[in-house]
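Visitor: Once you've looked at the hints, dock chains B and C against the given chain A.
Protein chains in written order, with the working numbering: chain A, 5 to 451; chain B, 850 to 1175; chain C, 503 to 821.
Just so you know, these hints were derived from the structure itself, not from any lab. In this text, a Cβ means the ideal position worked out from N, Cα and C, and glycines have one as well. One or more hints might be untrue.
[Said to hold, decoys possible] In silico lysine-lysine, BS3-like type, Cα no more than 30 angstroms apart, as pairs:
(1) LYS188/A x LYS387/A
(2) LYS177/A x LYS279/A
(3) LYS79/A x LYS565/C
(4) LYS279/A x LYS1003/B
(5) LYS279/A x LYS565/C
(6) LYS89/A x LYS390/A
(7) LYS297/A x LYS1003/B
(8) LYS89/A x LYS57/A
(9) LYS1111/B x LYS1003/B
(10) LYS256/A x LYS188/A
(11) LYS387/A x LYS46/A
(12) LYS195/A x LYS279/A
(13) LYS565/C x LYS390/A
(14) LYS279/A x LYS297/A
(15) LYS447/A x LYS1111/B
(16) LYS177/A x LYS565/C
(17) LYS177/A x LYS147/A
(18) LYS565/C x LYS1003/B
(19) LYS390/A x LYS297/A
(20) LYS46/A x LYS139/A
[As the list claims (entries may be wrong)] Example chain B residues on the side facing chain C (calculated, C-beta under 10 angstroms, incomplete):
(21) PHE871
(22) ILE1001
(23) SER1147
(24) SER1171
[What the hints assert, rightly or not] Computed from the model, here is a short list of chain B residues facing chain C with C-beta under 10 angstroms:
(25) LEU878
(26) VAL880
(27) TRP1002
(28) VAL1058
(29) LEU1110
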Amino acid sequence: MPMTPRRRVLLAATIPLVLVSTGCSYLSGGGSAADPGSADCKAFSDWQGHDGKTVEIYASIRDEEGERMQEAWQKFSDCTGITIKYEGSAEFEAQIQVRVDGGNAPDIAFFPQPGLLERFAAAGDAKPLPDTVRKRAEDGYPKDWLSYATHDGEMYGTPLGANVKSLVWYSPKLFAEEGYEVPKTWDALIKLSDSMADTDVKPWCAGIESGEATGWPATDWVENVMLRENGPEVYDQWVAHEIPFDDPKVEKALDRVDGIWRNPDYVNAGFGDVKSIVTTSSQDAGLPVAEQKCGMHLMGTFYAANWSEDTEIAEDGDVFAFNLPPIDESVGTPVLGGGEFTAAFAERPEVVAVQEYLATVDYADRRAQAGSWFSAHQDLDLKALKNPNDRLAAELLRDPDTVFRWDGADIMPAAVGSGTFWKGMTNWLNGDDTGEVLTYVEKSWPE
Amino acid sequence: MGFDILLELPKLLWLVIGIAAFMAVIGVLLVLVDRGPKTRRDHWQALCFLGPAALLLLVGLVYPVIRTTFLSFMNGPSTAWVGFDNYVWMFTQPEILVVLGNTLLWVLLAPLLATGIGLTYAVLVDRARYESFAKSLIFLPMAISFVGAGIIWKFVYAYRQAETDQIGLLNQAVVWAGGEPRQWLLEGPLNTLLLIVVLVWIQAGFAMVVQSAAIKAIPAELVEAARIDGVNGWQLFWHITLPSIWPTVMVVLITISVQTLKVFDIVRTMTGGNFDTSVMANEMYNQAFRYNEYGKGSALAVFLFVLVVPLVAVQIRNNRRSRETQ
Amino acid sequence: MSSPDPRPPATAATRPRGTAVGRVGARLSTRAASAVAVVIAVLWTVPTAGLLISSFRPEQQIKTTGWWTFFTSPETTLRNYQEVLFGRPSSGQLASYFINSFSIAVPTMVFVVTLAALAAYALAWMDFPGRDWIFVGIFALQVVPLQMALVPLLTLFSQGLVVGGVQVLPAWDLQGAFQFTQVWIPHTIFGLPLGIFLMHNFISQLPRSLIDAARVDGAGHGQIFRSIVLPLTVPALVSLSIFQFLWVWNDLLVALIFAGGSVEVAPLTARLAEMAGTRGNEWQRLTAGAFVSMVVPLIVFFSLQRYFVRGLLAGSMKG
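Looking at chain A on its own, in the form it has when it is part of the complex (with noise of 0.2 angstroms):
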């Protein structure tokens, strides 16, 4: 329809008008309408009339598995009216303190470091967990569990999902081809790693490579040998700081470490000598296993993801993993993992409806139906898993037998944590001396 001149102007006169009016509403965004409650909204019922509110989460979580925790509250999100803003990101440890001072505090935060949740428990920052969520939590979890989380008797966050950090992967193909059997003791692995050793299939691979990171797989192997030698009484200790981190049971520890990661005999399967450890990024150190040219590699549950799309995981697959066995077997099953806990800054009601919800079992199987996840939640369905690694990691966590321990380096001051023990086993593997390598980690020590 052609424009008369009238009505141009009269349309050039509007449109002002408009602007003015809707402009500014216009700009800011309007808000999106929820879905009302409807039968299958039973379940979320408690948190119900929060509608049009909403929570803020920040988490380093991201990519594939940020997407699918969103799939996982989705539900929730629709039937009780509170959107949830969240937003993963790779500078979460060190950004977090930056929001947390400029004022700009998330709702909440997933922290996989105990350690940082604590500095901002202690410097009253974070809240502690409202009865109704600390009644969740202690419904659903281990006390192992929530003690990591609890500063000066309060409880400030609860776990949310978790990984085991003891698994040695290993490929079933190679081991029936060869006759080699998954090791139950120390020995026995010693043993096994010494057969492969003579035959062109050296025992392990490693890596440790990770950028402003390098040095953390190593330091799981310390922690990893630290509770099996020493058992979890002076593990704790150690993690406090209560001895010294150059005691002569460190140092102990340390030497076993040596016999398998310092041994030219045993490392480093696909990439060259000792010193290619340094340089193989953690990424790619365990891909040798799978194309049968390293026997074995020890990482988290979470190495999963990084077998390419053609690698069956399972027992009689390409690749499976094992839990490092025990070196004295009266302490039981040691597992080394960690994991994430929701922590608030925020006492609003929707954001402790948020709280109180992600500490539920039903948070928890949703989650672990959109893949690759699993929590210590105690009443979390098993068989719902589909991963046969997570399975195995899950019934790990869940066996009466098992003790388990949080990654140390998580809980120790950041400065040591995710500083001078990573670079001080880059040092070590690098050629420094132990005992050097200890002395300059419990120098640095904070007060």
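Guide: Frame of chain A; chains B and C shown alone:
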């Protein structure tokens, strides 16, 4: 949820409104400045011109500098005064000497190399047939973020054991030449030099573009006169081009030096500061943001600020000289 | 002499090659010189070329063989690009992130270049007490680590300004598109010291005779700035614009703090950083991602490059 242009419109609208409003304010300012009373000195005119930038800088940078200086005399979580402890810590750390040495190496090498290469290239391709294309090749790395560049070069230096295929270009070149592959990033001081290469690779584009703009501003008469005198290209460069653009060369050198002082992403992505490759800015970032040792991080930042003093001195001398020649 | 040649610069660039300047240029391009230029160009391009080739190779190949083996056993895939552009439910919104990056970088570029030119002019050509010290102070501000300035600015935005218990400025609490304002301001601030420093170099080099003549004619500073300084410093303005745009385009830190990661305001860099996967295990996508994000800076460079033209000052300078 797909892409919905309607959801994007507010952003573009706000972009246009923002720029238009800003330009309107500046336009009014420029008109007003000439309407005011004429004075011999330019006090209030200067206020109009300099005021907006100065205000922003005061809030956004000067205040943080003061705050950082205060924090450097406090403990990690900034709850108690500790006097000069953080500075003492800094200068008694054996590691810090290495870090200082590295920083010095960076500041000496990176600006010189980047400026030199940028200038050479700018002169060589000036008025060449494919100038625009040729310049864009050197400019390319500028379009990649520091972290991206770190990843690219980590690949170039990657190592695989001798029997297997190399995936790093440098080691492949060594193998082609009949040598043994090496772990480049492990051996000091070579590793620091290899990291500096990355910064030079990025900054040469900056040096090239700015110096090229300066070359373009050399008056044609000057060049023509020289040509009539029969100078060759080499002489032209030394006697006409370089003196004409010398102030710009200095500016580029100084700018890259300052950027070099602040560099940490490259070190962080490529070695994480291990194997004696760390630099001041990287240590500062680690202490303040990863270890929550704000006091120590601030002390390092203050020291970084002190390191810029020699550059300031050079700049003051430049200013004086250029004013004398005016 | 009056204002410079108002013709589109492109015509100036295509001036016939026989002119004086052209011939000198030709003389410089001896064979040795060309060889050096080619060597530099090749050295500078190879790593990027490697990245480009890698971005078309399958994940497994990238991780196990060098990119040059591509020439002997070419195996290409568009999968990396597919994942970056359309792979995830939310990445259909990649266009949104592009627009966000744009909405952050373009205004910041305009703000910095304009404010820097104004300030540089004042520092170079106005007469007021302490101008040298102000200049040196601004120069020194370049070295302030950005990270140190984040917390104070963030506090200003999130809590307003409180002086002695009195709320002088309210908290901003912006929503929707307005949130960009809070990213523009820090970027502008962080870009200013270098911008002023670079512009000062160019503006202070304008011939004094030019400015003095205008002043004698009775022109005010505003008019001199508009009709003499701006037209004569076009190449400098353009180069600063390019770099300012690039720095903001490639920035991640400021964006993460002041824009957050939501699709409403977060730029492309935030999205790409997120795509590497929680444990960085999907980094092969970064190869494709790096190229996707490079496209815009290159377009900017190519489209602005025609303003780098010799002779804008020609005829206006004596000696």
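Visitor: Taking each numbered hint in turn, which are not upheld by the structure, reported in ascending numerical order?
Guide: 3 and 17
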